[in-house]
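Chains A and B, in that order, give the protein sequences. One point on numbering: in this note's numbering, the residue at position 80 of the first sequence is 80, and numbering is uninterrupted. One point on numbering: in this note's numbering, the residue at position 536 of the second sequence is 536, and numbering is uninterrupted.
Note that these hints are calculated values from the structure, not bench results. Note that the structure is a prediction, hence the values are computed from the model and not measured. Take these hints with a grain of salt, some might be off.
[Claimed, not checked] Where chain B lies over chain A, by a calculated footprint (3+ residues, C-beta under 8 angstroms):
1. 17-27
2. 42-56
3. 60-66
4. 70-77
All C-beta atoms, glycine included, are put in the ideal place defined by N, C-alpha and C.
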Amino acid sequence: MMLIPCPWCGPRDESEFHYGGQAGVAYPADPDALSDEEWARYLFFRDNPKGPFRERWSHSAGCRRWFSLVRDTVTNEVLR
Amino acid sequence: MSQAFRTEAGGLVDRGRALAFLFDGREYEGHPGDTLASALLANGVHRVSSGIRTGRPRGIFAAGVEEPNALVQIEEPFPEPMLTATTVELYDGLVARGLRGRGRLAADPDPGRYDGMYAHCDVLVIGAGPAGLAAAAVAASSGARVVVVDDQIRAGGSLLGTGEHLDWVDRVAAELAAAPEVRLLTRTTAVGYYDDNYVVAVQRRPGLPEHRARERVWRIRARRVVLATGAHERSVAFAGNDRPGVMLAGSARTYVNRYGVLPGRRAVVLTGNDSAHDAARDLAAAGVEIAAIADLRDGWAITGVAGTERVEAVTLRTPDGIERRLEADLLLVSGGWNPVGALYSQAGGRLVHDPGLAAFRPDGNCRQALEVAGAAAGSYTLGVCLAEGAAAGRRAAEAAGLEAGAIVLPEVSDPEGRPPLAVWTLPGGDPATAFVDLQRDVTVADLTRATGTGMRSAEHVKRYTTAGTAHDQGKTSGALTSGVIAELLGVEVGALGVTTFRPPFTPVSFAALAGRNRGMRFDPVRVTALHAWHEANGARFENVGQWKRPWYYPREGEDMAAAVLRECWAAREGVAMMDASTLGKIDVRGPDAAVFLDRLYTNMISTLAPGAIRYGVMCRPDGMVFDDGTVIRLAEDRFLVTTTTGNAAAVLDWMEEWLQTEWPELRVHCTSVTEQWATVALVGPDSRRVLATLAPALDVSRAGFPFMTWRDAEVAGRTARVCRISFSGELAYEINVSWWDAVALWEALLAAGAPFGITPYGTETMHVLRAEKGYPIIGQDTDGTVTPHDLGLGWAVSRKKADFIGRRSFSRTDTARPDRKQLVGLLPDAGSLLPEGSHLLTGPDETAALGHVTSSYHSAALGRTFALALVRGGRDLIGQTLWATLDDGVTPVTVTGSVLYDPEGTRRDG
Ligand SMILES: [Zn+2]
Chain A
1 MMLIPCPWCG PRDESEFHYG GQAGVAYPAD PDALSDEEWA RYLFFRDNPK GPFRERWSHS
61 AGCRRWFSLV RDTVTNEVLR
Chain B
1 MSQAFRTEAG GLVDRGRALA FLFDGREYEG HPGDTLASAL LANGVHRVSS GIRTGRPRGI
61 FAAGVEEPNA LVQIEEPFPE PMLTATTVEL YDGLVARGLR GRGRLAADPD PGRYDGMYAH
121 CDVLVIGAGP AGLAAAAVAA SSGARVVVVD DQIRAGGSLL GTGEHLDWVD RVAAELAAAP
181 EVRLLTRTTA VGYYDDNYVV AVQRRPGLPE HRARERVWRI RARRVVLATG AHERSVAFAG
241 NDRPGVMLAG SARTYVNRYG VLPGRRAVVL TGNDSAHDAA RDLAAAGVEI AAIADLRDGW
301 AITGVAGTER VEAVTLRTPD GIERRLEADL LLVSGGWNPV GALYSQAGGR LVHDPGLAAF
361 RPDGNCRQAL EVAGAAAGSY TLGVCLAEGA AAGRRAAEAA GLEAGAIVLP EVSDPEGRPP
421 LAVWTLPGGD PATAFVDLQR DVTVADLTRA TGTGMRSAEH VKRYTTAGTA HDQGKTSGAL
481 TSGVIAELLG VEVGALGVTT FRPPFTPVSF AALAGRNRGM RFDPVRVTAL HAWHEANGAR
541 FENVGQWKRP WYYPREGEDM AAAVLRECWA AREGVAMMDA STLGKIDVRG PDAAVFLDRL
601 YTNMISTLAP GAIRYGVMCR PDGMVFDDGT VIRLAEDRFL VTTTTGNAAA VLDWMEEWLQ
661 TEWPELRVHC TSVTEQWATV ALVGPDSRRV LATLAPALDV SRAGFPFMTW RDAEVAGRTA
721 RVCRISFSGE LAYEINVSWW DAVALWEALL AAGAPFGITP YGTETMHVLR AEKGYPIIGQ
781 DTDGTVTPHD LGLGWAVSRK KADFIGRRSF SRTDTARPDR KQLVGLLPDA GSLLPEGSHL
841 LTGPDETAAL GHVTSSYHSA ALGRTFALAL VRGGRDLIGQ TLWATLDDGV TPVTVTGSVL
901 YDPEGTRRDG
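Take these sequences, add in the hints, and give me the full structure.
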């Protein structure tokens, strides 16, 4: 049970949160400018590193805000 | 003779009271303070169970949670399978039997109560042996919040087994129990160590009345943890090492000192370290004759164990090579001691091989805020254990910003000892009877076969042989297994390593984990304002998400099919009404609300005029349908959107996610109002007349109140919002009132509709009516791989908007291909009702499916059965025959368009 630091509420149990996957995957500014392959990369491809990973969380059972943090996927330590 | 093996005096059992119990059908007596195992041994019972694969007789091998052999089934007071006799606290009236492998679960629900507890503390000490008690006492002296958990019925740990310094133990335990910031939990096993010092422990509370919780699951978040979990003794692999009467030497010492029980009359001791000499001394003092101490470090060897039901004799070879057969009923074994590293391993720490200890111990480099003290760290002498515990307690208090005081520790002088021998297998005899894992019946022969196939990893051998996979998790066998494999492979055991420990440390019952979250408390039940009426009027309910929705309302003598046909008929030919309050409703407001909804829905929403309603479809970025519903424009800057019943929370989350993460510049707020508005659908050709009766001020004419518009009006004297929406193709209204006014509205509609035979209907009828019109249910007719175009909803996809979620995906080659699965209707040629999920084949003997049935019903309006289906290239197959699979064959069906009833839409306006 990780202790996740919500920027609004402070550290709370992992079970209060929803996971949102890799952070920083922005909706493309102009989808029509992308090839099918580039669009498919946006839709379906995400990093899966062993080590630090910037990811999104939503404090769904708390303040309901989305935020990002960096977690080490090996140790589950929240790095920042 | 009763308790013939109980000593005259001594031990920590209450000899003043006798507890009667039944084991394998025979009556015995023991005392409070006994385990089932110690009480059986007191009565001379060694054989308890049989090997799960070999069927060989098995006895009591250990004295605690590490026991691999003595599996029992508790029969009374409540059946519990697969407990170990060494961990079952004896009570009066216990009925148990020995178990070979699996037991039986109770057929009746468990009448016991179980509960969950949460605790936060500065210092959590796991284990109340000498190291743990010292740590707890020092930490507590600082005023820190301390929790101590220990799996035994009293504090003391290994000292209970050696009988030393019990006065100190009792004094410290009493002080801890009395300290206001300390919680001392006995009978409590820490079973899981999770991220960020989150520890789960299970507390047993025997002997309480039934209304009090039998077990509690403690979920503890600790600033710092001190692991003082001690060490488990391990065996050595030699032929016949599984016979009843073969026992770990330290466990035999525990039986003598703690329970006042002689595990036998005449013992042979086989050891590679000093601890078994101490055990032999205590046993001898209690009256057990020690026939020989065969110390492997001095060149002794064992060449035979005689006896099947019980050890009868042991053959040793002396250091000068002479074989000696010794009569004995007990063979005490010590292959060394393993620090209990399971929790450390669960916490993310690594166990490293320490050649000096001849064991694996914590590497002292765990990332979590913990430290290990005493035997768990590989320190086996009492003085060191106490000192390490005290130091750990002091550091833990300091970490909490507190200063610890001084405590009194017992005076001990640690003896000088000889280093232990790393010993795994002893030569001679049949390797198929040299057991490594007693609970899984894995032998040296099995491990030899595994390494012979080329396996080089302990993890692979574990999975191949099942060594260490039983419910004891290889507490006595894990290190031994690695040692034997290393010998077979000719590698260092440290290089091979041990297999990973995973929670739980000891088995946990599902009942304890569930706690109070059973039955009605498993999940919230949501009911509408009209629920009591539905119940009183005989509704059958179905679960839709957490909601209870009326399914159908059978009349006297009606089955479901008859009731649904009657309800459908009323909606098509007269007037009917349904409680639609469970529809998700979200209030979307703000200056950018229209822009926001344009991006979210496939349709154009911003052109909707206040007062009007539009059906809308939402897709995910991949172009697949996510939800649908209606959008009502209340004002320039305000909308009310409806969602499917099961998807309301997901849609609100979806809106929030896009607003917060992609479009924070949009000034929009979304609020769930599902439970603020109660909704009644009034459906059928006579619905206009019923509404007119109740809303005399409302112009209900075709021209005055057109399709897909809404009006605020007074209905039955209540403030209402009436929408002209139809989910059936009939003239219909959805009347929304405050949740509090729902019953009044419903009863007024019943009264006003009585002359027209108004009929309440449930979700089944709603499904039939919508399916006759080809309206899909998201999640039933779709599965996350279906686009709006696949459903025939291409008309709801805007070509004018610059962008919306999912738009780009509609031009991907995969979403544009012509042979996608499309929603079509099916008419079974033989008139049968197709099973939902039935596969659709191109011929009676084909096996490749073109698709499957998603919805299937009897239709009152069509006078026959019909179905909806997703079929590859389905719209090109209209008019053709496919074959639907049944349990016992196939049946022909004709493919049709998805709209089977009133395709021209003539009934919509009444
Ligand atoms: Zn928060």
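Hint-by-hint comparison with the structure:
no.	hint	result
1	17-27	holds (count 4)
2	42-56	holds (count 4)
3	60-66	holds (count 4)
4	70-77	holds (count 3)
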